[in-house]
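One line per chain: the protein sequences are Y and B, in this order. Residue numbering for the first sequence follows this note's numbering, starting at 1 and increasing by one per position. Residue numbering for the second sequence follows this note's numbering, starting at 1001 and increasing by one per position.
No lab work stands behind these hints: they were computed from the structure. It is possible that part of the hints are untrue.
Unchecked claim - Ranges of calculated distance between the beta carbons of each label pair, as one might list FRET restraints:
| hint | chain 1 | residue 1 | chain 2 | residue 2 | range |
| --- | --- | --- | --- | --- | --- |
| 1 | Y | His28 | B | Leu1404 | 22 to 28 Å |
| 2 | B | Arg1090 | Y | Gly167 | 45 to 51 Å |
| 3 | Y | His273 | B | Glu1457 | 55 to 61 Å |
| 4 | B | Arg1090 | Y | Asp297 | 50 to 56 Å |
Where is the CB? At the ideal position from N, CA and C, for every residue including glycine.
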Amino acid sequence: MKNDALKEMAGLCAKCGTCRTVCTLYPHRKTENAAARGKVLILESALSGENADPSAVQEAMADCLLCGRCERICPNLVLYEEIVMKARADLADEVGVPAWKSVLFGKVMPSDPAMRVLRKAGAAAERLFLKKVPTGSGLHYRFPLGFLGGGRTVPKLPAKGFIESLGKREGSFGEAMLFVGCVFDHLYPDVGRAAYETMKASGKAVSVFRGAACCGLPALVSGDRKSALENIEANLRRLREAAPPAIVFPCGSCLLMFKRNIPMLFPEGTPPHEDAAFVAGRSTDYASFILDSGVVDRLPDPPPAERPGEIGYHDSCHLTGTLGKGPEARRVLEKAVGGAFREMEGADLCCGYGGTFNIRDYPTSARIGENKVSVAARGGTRIISAACSGCVLQMRDMAARTDPSLRVVHIAELVRRALS
Amino acid sequence: METSALSALGELLGKRLHTSLETRTCYAIDATRKKFLPDAVAFPENAEEVRRIVGLANLHRFPVVPRGAGTGFSGGSLPVHGGLVLSLERMDRILAIDAANLYAVVEPGVVTGTLKDAVRKAGLFYPPDPASLNFSTVGGNIAECAGGMCAVKYGVTRDYVLALEAVLGTGELVRTGVITMKGVVGYDLTRMLVGSEGTLGIVTKATLRLIPHPETVTTLLALFPDNRRSADAVNAIVAARVTPSAMEMMDRTAIDCVRETIPVDLPEGTRSALLIEVDGGELSAARDADRLEEACRSCGAIEVRRASDARGRDELWKLRRSISPALRRVGAVKMNEDVVVPRSRLADMFDFLADLSARKRVTIVNFGHAGDGNVHVNIMISGTDLEEYRRAEEAVEEVFRGTLAFGGTITGEHGVGIVKAPFLEMEVGPAGVSVMKRLKECFDPNGILNPGKIFMEEKAGPA
Ligand SMILES: Cc1cc2nc3c(=O)[nH]c(=O)nc-3n(C[C@H](O)[C@H](O)[C@H](O)COP(=O)(O)OP(=O)(O)OC[C@H]3O[C@@H](n4cnc5c(N)ncnc54)[C@H](O)[C@@H]3O)c2cc1C
Ligand code: SF4
Ligand code: SF4
Ligand code: SF4
């Protein structure tokens, strides 16, 4: 493995160990390998030729949730996430993307028709293979087998995705454009709809980015640069053409892609970088849009809370941690649900999803996630709200595992309830 | 390490023995950034396992290097002769907090900050507070006798270790010290182990003294136009008969480094800063803070900032806490010394260092625990220029000679490790070295524990 730029970036690490104590993974592994300092060391030994086993290095680099907590505390401003993403991409070029990942992200996720087929097949498969479990947030199914991690619950696959459910002309023109994201389109179309409807309450015309490909995050963090770029370039081209004044993301991870990761992929001064910067400049999170477009001011005063403090807000790593978008959602919640909202115990604990990490090591992902929702529940929270697709997916699974009456919702669903 | 030794260890520890190159790489460094690959890394979970590992080490004659969080600045946890790194990070339970008798019993892998938080909940205080408190371990703190910001008022780790359980180099498990306030039975083995840098025994349990938590803390950040004026302020504060719970000094280069990595707004002309803390009852702390502010202003402070709430204090501390790692920006290689001089000689010491920096043409960044005369002298070099490296090495030696001439000591808290081993004799003399070596033989006759540290010996591996 050779990459001078990467070597220089890694070289900034002072080996101080500050990152150890904030690492989401470290308490579960209890070895240096888990935290950023260890990863940087392993990478440096690969870059210097001391470690000549790229598969082993790839394994080591894969063992991370990319939650970014280490990067945010690092006194030396080591760009850890960028380092790991670049390293994963280099290693994938060298030894290939692990097979399951390439199938999942290269083939299935980005293409909408494939997703539709999967969903149809899934609906049939559910009846055959999955066990129903009762939960507060609609029907879930449980994988009875070890496949994909025993005990995992998955959402009931809907018959129609959100975009598919739109009328022919619906959402075809607007000053603000909704980028709904794969999860809120295909798995939780109702969240997509809630985002869409509440955005319309601003009085602005709202369009839906119908031809969207996946934002490319899963592929990118897996090192599958090729698949990621295919999606990214398609998205950029269409967004540049449509040139909406605002692009609104109900999912913090998608937003992070557009705001930070995609511009980072292209050298400054090149046309794709300009496109990426153009799109990044117009991209915003759901809560900020609700605040800035005046939807919040149209919300009726919330009735006195029946159960004060039952609603909490989860700080997604990408949305709050990296992009600093946390206060906005809280202001929305204070207006939408009033006294029912209270700062939640462990609000900034990572949910443990970590994108592909959840599939790579489901038992650990689940331990982190179970702890997350249990801490919240012990603190009195009954409804966890969030604004990132991975977090909603993960915390619904974790709630179903630990406490089926605990509910996990997107803040758009709460805003919609307040409006109606 | 022989394969027979490895397989014996594997039998004992199972999956808790790691031999992969990846793990060995992760345990090859500490905060000195020097690198020595161990042959294996062990993660014991209790004292009995540690005892058996040391037993195997005596049988097969392999080095055992205890390790906490690997944040040391003197290379203490580096396996310079290879062998086994024995990581204590999984022995991280707080076993008891006894509020009636004011002590806590902990395993060595407990992170110091975690302990401080836990006793705080019981209204108690474990004072030692190295800047690394949020990531270094109690075991590592004990082995290095870590000091911190509050040493000026509360002392250092040594002053809070009541009793220890440790596995000696012989493989014997000993219990030292007492849990009572008094106790004079025989030699003080506890003090022998504190600061012994993992060369005499492996601490497997520690009983630590606690005190009631002070009611309030007020932090002041005083900004000065030069080092002499802040050094004067230190003496003015002492003369005002206030004992601050922290008194930290930062020079201009240190301030500039941090400025590059985190946003801090400081007034024009700031060339030196003092961070001072007072604690105690609400009224007395406020009165002390007033006196301090007065002392700083009379010594020429440009500005004095003050905060009593957690958030504001944190903001003021940010400057100080960020220095050490941020130094990386000034030079790729840092020679980091932590000398101590009598407090009244601080200003002279800073003058001496400024002169040395000019004479040797190397950047020297200074900051430290001014309250107790502990100066962190950081000689920053590129690491690629051999001539510069030679000048820096000369500068280090002069720093030590200068410190001793002022009546000081060559290391206040980081320990000797490998980086100060060549200078040990300079401070303690041949007879001192000789008795220390004989003590080492008593505790560790086969030289199993952390070889290559403290004492000069045949040239160690590559840096
Ligand atoms: C940013 C930063 C700031 C720092 N600030 C300070 C400061 O203000 N004051 C200060 O004193 N130090 C400071 N240090 C240095 C360092 O944190 C201390 O020396 C600390 O005590 C080391 O603890 P550790 O757990 O990392 O031990 P390690 O570095 O892992 O080990 C240190 C030594 O202890 C031995 N050891 C570890 N555990 C045991 C055990 N259970 N039994 C026997 N021996 C053991 C090791 O063999 C080694 O010799 C700082 C370091 C950094 C990176
Ligand atoms: S906190 Fe930053 S500089 Fe320190 S070890 Fe971690 S990555 Fe390196
Ligand atoms: S990104 Fe998260 S899981 Fe990965 S090393 Fe950093 S803190 Fe740990
Ligand atoms: S965050 Fe995940 S689900 Fe949302 S669009 Fe991006 S990849 Fe798809």
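Quick rundown of the hints versus the structure:
{"no.": "1", "hint": "Y:His28 to B:Leu1404: 22 to 28 Å", "in the structure": "violated, 48 Å"}
{"no.": "2", "hint": "B:Arg1090 to Y:Gly167: 45 to 51 Å", "in the structure": "violated, 59 Å"}
{"no.": "3", "hint": "Y:His273 to B:Glu1457: 55 to 61 Å", "in the structure": "holds, 56 Å"}
{"no.": "4", "hint": "B:Arg1090 to Y:Asp297: 50 to 56 Å", "in the structure": "holds, 54 Å"}
When the structure is compared with the earlier hints, violations turn up for hints 1 and 2 and for no others.
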